[in-house]
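Engineer: This is what each chain is made of:
There are 2 protein chains.
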Amino acid sequence: MRGLTESNLTDAVVSQVKADNPRLQQLMESFIRHLHSFVREVEPTEAEWWAAIQFLTKTGHTCTDERQEFILFSDMLGVTSLVDFINHRFSEGVTETTVTGPFHRVSNIEYENGANIANGPEWERGEHTLVRGRVLDLTGQPIAGAKVDIWQSDDLGFYDVQDGEQPEINLRGLFTTDENGAYWFRTVKPSSYPVPTDGPVGKMLEAIGRHPMRPAHIHCMVAAPGFKRLVTHVYVEGDEYLASDSAFAVKESLVVDFVKNDSAEDAARYGFPGPFYEIEFDFVMQPA
Amino acid sequence: MRGLTESNLTDAVVSQVKADNPRLQQLMESFIRHLHSFVREVEPTEAEWWAAIQFLTKTGHTCTDERQEFILFSDMLGVTSLVDFINHRFSEGVTETTVTGPFHRVSNIEYENGANIANGPEWERGEHTLVRGRVLDLTGQPIAGAKVDIWQSDDLGFYDVQDGEQPEINLRGLFTTDENGAYWFRTVKPSSYPVPTDGPVGKMLEAIGRHPMRPAHIHCMVAAPGFKRLVTHVYVEGDEYLASDSAFAVKESLVVDFVKNDSAEDAARYGFPGPFYEIEFDFVMQPA
Chain A
0 MRGLTESNLT DAVVSQVKAD NPRLQQLMES FIRHLHSFVR EVEPTEAEWW AAIQFLTKTG
60 HTCTDERQEF ILFSDMLGVT SLVDFINHRF SEGVTETTVT GPFHRVSNIE YENGANIANG
120 PEWERGEHTL VRGRVLDLTG QPIAGAKVDI WQSDDLGFYD VQDGEQPEIN LRGLFTTDEN
180 GAYWFRTVKP SSYPVPTDGP VGKMLEAIGR HPMRPAHIHC MVAAPGFKRL VTHVYVEGDE
240 YLASDSAFAV KESLVVDFVK NDSAEDAARY GFPGPFYEIE FDFVMQPA
Chain B
0 MRGLTESNLT DAVVSQVKAD NPRLQQLMES FIRHLHSFVR EVEPTEAEWW AAIQFLTKTG
60 HTCTDERQEF ILFSDMLGVT SLVDFINHRF SEGVTETTVT GPFHRVSNIE YENGANIANG
120 PEWERGEHTL VRGRVLDLTG QPIAGAKVDI WQSDDLGFYD VQDGEQPEIN LRGLFTTDEN
180 GAYWFRTVKP SSYPVPTDGP VGKMLEAIGR HPMRPAHIHC MVAAPGFKRL VTHVYVEGDE
240 YLASDSAFAV KESLVVDFVK NDSAEDAARY GFPGPFYEIE FDFVMQPA
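Chains as they are written, first to last, in numbering that gives the first Met the number 0: chain A, 0 to 287; chain B, 0 to 287.
Incorrect hints may have been included.
[As the list claims (entries may be wrong)] On the chain A side, residues computed to face chain B include the following (Cβ under 10 Å):
1. Leu3
2. Thr4
3. Ala18
4. Asp19
5. Asn20
6. Ser36
7. Glu40
8. Glu47
9. Ile207
10. Arg209
11. Ile278
The set of hints was computed from the structure by calculation and includes no laboratory data. We put the CB at the ideal spot given by N, CA and C, even for glycine.
Work the whole structure out from these sequences, hints included.
Structural biologist: Written as structure tokens, this is what we have:
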């Protein structure tokens, strides 16, 4: 340790980690080795190292109670998606998960099936949509009483918390499946939108030639006793950003066709003033 | 990219990096691959991932104009030392470098050789020390007119900027080598000291069973026309933290014996009131 050299330095650093907690020991040893491997591979100049320090500092300074720039950094480098994959290795046939994102609210409005969650100006502007499906177990049996928690952006790509023109709680709803495991509700088709670009992560995206867009999606968190909680998105087929989601969170099985329904009878049955889009998406749950 | 899987995710993320700047492209590709390798190796739970996000956020929030907690993080993981090694692969025989640390001041007080830089209460308490040596080129020829910039902690381990009891600028001095390449000055023996432990990095050190101590040292930055700037420390032989420096910055060649000198004649010649310590350290410079 007194005789540190460029080649023995990494082992010297690792040898000083003596955590009581064996998991912390493993995490720190691995982190140090990978971080040193990165530094040894790219051989940063002192100016580059200082630029990295400044980036991390600015990212920290951008974090507030309302904004988490380090999570955005994790999202934009695919790390959040990777952690999601690692923690949700569910059985074949279970609905694929994806990232939670920053816009979930812990307590949502409870609605009856069929309710309209688009209660702001988007209802006048947007494309009316009926979302429906069932919550099922792996054998295809319906799960009655499952909770389906929904949140989404409006037709312009804004969530209620970002938009003074929407009601305070909007485009969110907590539904309960009926005896057939079914849920259904009315809304508007969501829009693609950019992640926040006014911070250091936005500057990074620009510097590396990447756009900040997320393809249009509806967030879903499904819970039922005896099953693991399922957090995912349903994506709008045809969105131009499906192949380059800035958060690397698109799985093919989550992309759904929004099908036009011109039937006046169906519109009247579901409470639409005219033609609407329809999507159907079933959630298959992982046993706990 | 629509069909993301756990196995193709890393390549998908890398494929989206399209920087105009080829060096930035290389840095980001390498960073993403090493970061994903780390995550794949340790398979963090979502709670662990969140703990990492919180650690980074708190580290950012601890950074101010006066304090750089991310540099401290880099120091404590040996990254600063590794970057120093990589950027100073000097010729055999050149003085080894080490990290600059946070306490250098850009404009230092210019002194004549022989001056005393210990102008605070440490002069009454501390162990008086004569520091001398020469600045040389690789053939052993003296370099006259070289600038030797010195800064150090006091006998209690505090730098002037941390200590209201020291004069505003203290234990710092900029010396110029004479026609024989020699410099010399009076000071007190520095003390080992802890890095700041009241932030997230201090908590990390505690959690992984590490002490925060740096062994006693005098910082030196040497500059001369035609040579590369040399930044290093001179360490005090016998310090208990030489083998476990929290910043991983000790090189064997930088550890120097502080030799007691009891000669009344020498004390009178150099301006000490009584016995003092003596160290001799030559700087061998890398041609530019």
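Engineer: Could you work out which of the previously given hints the structure breaks and list their numbers from low to high?
Structural biologist: 11
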